[in-house]
Structure formats: C-alpha cells, structure tokens
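Visitor: Going down the list, the sequences are from chains G and P.
Going by the numbering used here, 77 is the number at position 77 of the first sequence; the sequence numbering is gapless.
Going by the numbering used here, 219 is the number at position 134 of the second sequence; the sequence numbering is gapless.
Derived from the structure by calculation, the hints contain no laboratory data.
A hint or two may mislead.
[Unchecked claim] Under the rule of at most 27 Å between Cα atoms (straight-line distance), these lysine-lysine pairs were calculated in the DSSO-like manner:
1) P:Lys241 with P:Lys314
2) P:Lys294 with G:Lys11
3) P:Lys360 with G:Lys11
4) P:Lys345 with P:Lys333
5) P:Lys132 with P:Lys87
6) P:Lys285 with P:Lys360
7) P:Lys285 with P:Lys270
8) P:Lys163 with P:Lys132
9) P:Lys294 with P:Lys326
10) P:Lys294 with P:Lys345
11) P:Lys284 with P:Lys314
12) P:Lys333 with P:Lys284
13) G:Lys26 with P:Lys241
14) P:Lys326 with G:Lys26
15) P:Lys314 with P:Lys345
16) G:Lys26 with P:Lys345
17) P:Lys284 with P:Lys360
18) P:Lys314 with P:Lys326
19) P:Lys345 with G:Lys11
20) G:Lys11 with P:Lys333
21) P:Lys270 with G:Lys11
22) P:Lys333 with P:Lys294
23) G:Lys26 with P:Lys270
24) P:Lys360 with G:Lys26
25) P:Lys314 with P:Lys360
26) P:Lys314 with P:Lys285
27) G:Lys11 with P:Lys314
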Amino acid sequence: MSVSRNEILEKLKEILVSADENGREKLSAVTESANLYTDLGLGSVNMLYMIIATEEVFGIRFDDVGMNDFQTVGDVVSYIEGRLS
Amino acid sequence: MKWEPAECQPGDVVRIKLGGVYHFGIFVSEDEVIQFGLPPTAENRAKEGGPVVCATDIDVFSCGQIVETAVPDRAERKRRRSADETIAAARARLGEGGYNLIHNNCEHFVNECAFGESRCTQEEEVRRRWVSRPVCDVYLALTPEELPSADIFPEKRRAELAKLSNAQRRREETACWLLLEAAAKRSFNAGMQSAGFRKKLGGAWVCEKFRFALKAGGGICAAAVSNGKVSLEIGEKASGKGVTRTLKSPRVTLTVSGEKTQNVNFFFVENGVSKMMDNEWFA
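Looking at chain G on its own, in the form it has when it is part of the complex:
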C-alpha cells in the first residue's frame, strides 16, 4: 500500500473531525506541527478513538503504544508512515 505523507495527514484530519465534530473548523485545517493535547485539546477518549479509527482506516496495528507516545499530529503521521512502509 503506497500512501503519501500528505494523504495520511488528510485521512487523519478526517478521523480527528469524526472524533470531535465541535472542533471541525480547527481540525480540518490542522498541520503536522499541531500538538495533540495543547493545540487540539484531545482527551484520552478521543486519543483512543483516533488510534482505533486509524487502525481501521489504514489496516495497521498500533504496537507498543502508550498514551504518551504521540505529542504532535506529525508524530502520528510518522508512525503510520512507518507501519505502512
């Protein structure tokens, strides 16, 4: 499966919007440098949602992942990119 970094980011935006519809405006314009907690205000439930939805969308499995492992949107994109390569 060949997916570009930009395509991963676009899919991730869609997942984030689905997790928090109230944040649509902010989330649909998000960049890789956005901090998941301080910029996007992701709570633990939405973090779980993001990871599980990502598994479903990309057909990957998040191994060895803790709540603390991702700080920015770019960290998640890099992880997905690594799993897909």
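Starting from the structure of chain G, add chain P where the hints point.
Guide: What follows is chain P alone, placed relative to chain G:
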C-alpha cells in the same frame, strides 16, 4: 456487567474513572490493588519506563476518585474464576510488561485474571462507534474542459454515457462518474468493480456498498457518498433541509441532504488527490 460503588471484597474487579477512560485493577486488600500500569494521571504519565503490572494501596489506585466494583451478571458469574484464583493469577503477573494502550491494557489484564479472557470493552465500544459512524462525504472537482479519457465502470454505464448526444452533459456526467470512483475508494475503501453497481428498473444507478448522488453545474462536478440516503442539489437551496455550502470559486451553492448528514465532509479532488476542504474554501 454492572458497576457499583460497593465495598470491595478480595478478588473483585475494580475501576476508577479518570477523564473519559477507566483504569482497572484487582482488589486484594486496601493495601494491595494489582493493576497493569499506574492510573493514567499526568504525573504518572510523565514517569520514565513503560507500564508494568504492579501493586499499590487503594489510595494510589483511586487517585481520589470513586472506586466501583464489578457486579457480574448470571452468565458472567458462571465464567468467573474464584477470588483465590483471580488473586493468584494477578499476583503471578507482577512485574510483567508488554503494555499496549489498545491491545494489552489494564482492562485486558483484569478480565484475563478474573475470567481467563483478555478483552477490553472500552476498545470494543470505540471500534463500534467508528464502524457505525454516519458517513456523508461530498467530493468536488472542476468540470474538465475536455472529455475525460479514463475508462468508466460498469461497462453498461460507459455505453450509456457514450450515447449522450449533448457534449457538455456527456463531459459532466463522465467526470461525475470518475469522481464517484475516487469517493468510493477513499470513503468506503471500495473499488468500482466490487461495490456492486446495478441499474434499477426505474433507470437509477445504485450500489450495494453505499448510497450516492451525482450532480454537475456551475463549472463543478459533485459526488456525494453516504451510508444512508443522500441527495445533492447545485444552485440555490430549494428547501430548509440539508447542509448548504457556497464555494468561493467558482461561486456555486451546493446542498446535500439525506439520513446521515450530521457530519458532512467536503473534499476537493485535483489530479487524483483529495484534499479535505476547510472553511477557507467556502463563502
């Protein structure tokens, strides 16, 4: 399984709520609650090293929150290990690592100790929520100036389009159908050949995997795909129903209505790449 803030007995499965998630443990005594990782507070998260199965007193476990005790239903009681077996299973795993937020967490741990079955209802619930979420995605593209040369599937539809004598309509409908192909792939991970397209007796095209609507006008082509009924209008909004957006350029008003329009996503497709549209795109 029900949960009650009852007095804990040795071997009970207990939990606390932190933020939106639960942290689980096996209660042995007020001095010994066995859990996979410490409660996920900001302070505990900042600690070095991965989570391991550990024992703490009830105060460390509870973090000042109400401790709830599992009350198994009749079927669960039959599968439930005895208190001694549960405690022995938990103690045997002290110091064990291999924590995984989704696939091997504190809830998997307590269920394995108490029922011999590693499962996490929180994960199952979130996965259910994702799979059953309402989907209504609208894909937009500029109507091409030339007739697209790509092949259309199904063949019967391709033949229909080839017969259209109005060149503009032929160009628009071909472009819409190609847009549908991109939408099916992105939103439903479905290829055109596996999506199950067929033509109804009334002449409308439908597909088994999702509902769709196509429309062209004002220089744009649009394809809406959804897991519920969906329709599209281009031009001024005809009724009070649906979600209406006006594009900045070209200046076109689009209305999408249907059963699952709670969260409508708009995508702009250019050179085969879909980009989620934020408010900057709309007037």
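Visitor: Would you mind marking each hint as holding or not holding in the structure?
Guide: Hints, verified against the model:
no., hint, in the structure
1, P:Lys241 with P:Lys314, "24 Å, holds"
2, P:Lys294 with G:Lys11, "20 Å, holds"
3, P:Lys360 with G:Lys11, "9 Å, holds"
4, P:Lys345 with P:Lys333, "25 Å, holds"
5, P:Lys132 with P:Lys87, "33 Å, violated"
6, P:Lys285 with P:Lys360, "32 Å, violated"
7, P:Lys285 with P:Lys270, "23 Å, holds"
8, P:Lys163 with P:Lys132, "39 Å, violated"
9, P:Lys294 with P:Lys326, "25 Å, holds"
10, P:Lys294 with P:Lys345, "15 Å, holds"
11, P:Lys284 with P:Lys314, "17 Å, holds"
12, P:Lys333 with P:Lys284, "35 Å, violated"
13, G:Lys26 with P:Lys241, "43 Å, violated"
14, P:Lys326 with G:Lys26, "25 Å, holds"
15, P:Lys314 with P:Lys345, "7 Å, holds"
16, G:Lys26 with P:Lys345, "22 Å, holds"
17, P:Lys284 with P:Lys360, "30 Å, violated"
18, P:Lys314 with P:Lys326, "13 Å, holds"
19, P:Lys345 with G:Lys11, "19 Å, holds"
20, G:Lys11 with P:Lys333, "24 Å, holds"
21, P:Lys270 with G:Lys11, "12 Å, holds"
22, P:Lys333 with P:Lys294, "32 Å, violated"
23, G:Lys26 with P:Lys270, "26 Å, holds"
24, P:Lys360 with G:Lys26, "15 Å, holds"
25, P:Lys314 with P:Lys360, "24 Å, holds"
26, P:Lys314 with P:Lys285, "16 Å, holds"
27, G:Lys11 with P:Lys314, "23 Å, holds"
Hints 5, 6, 8, 12, 13, 17 and 22, counting from the list given before, are not met by this structure.
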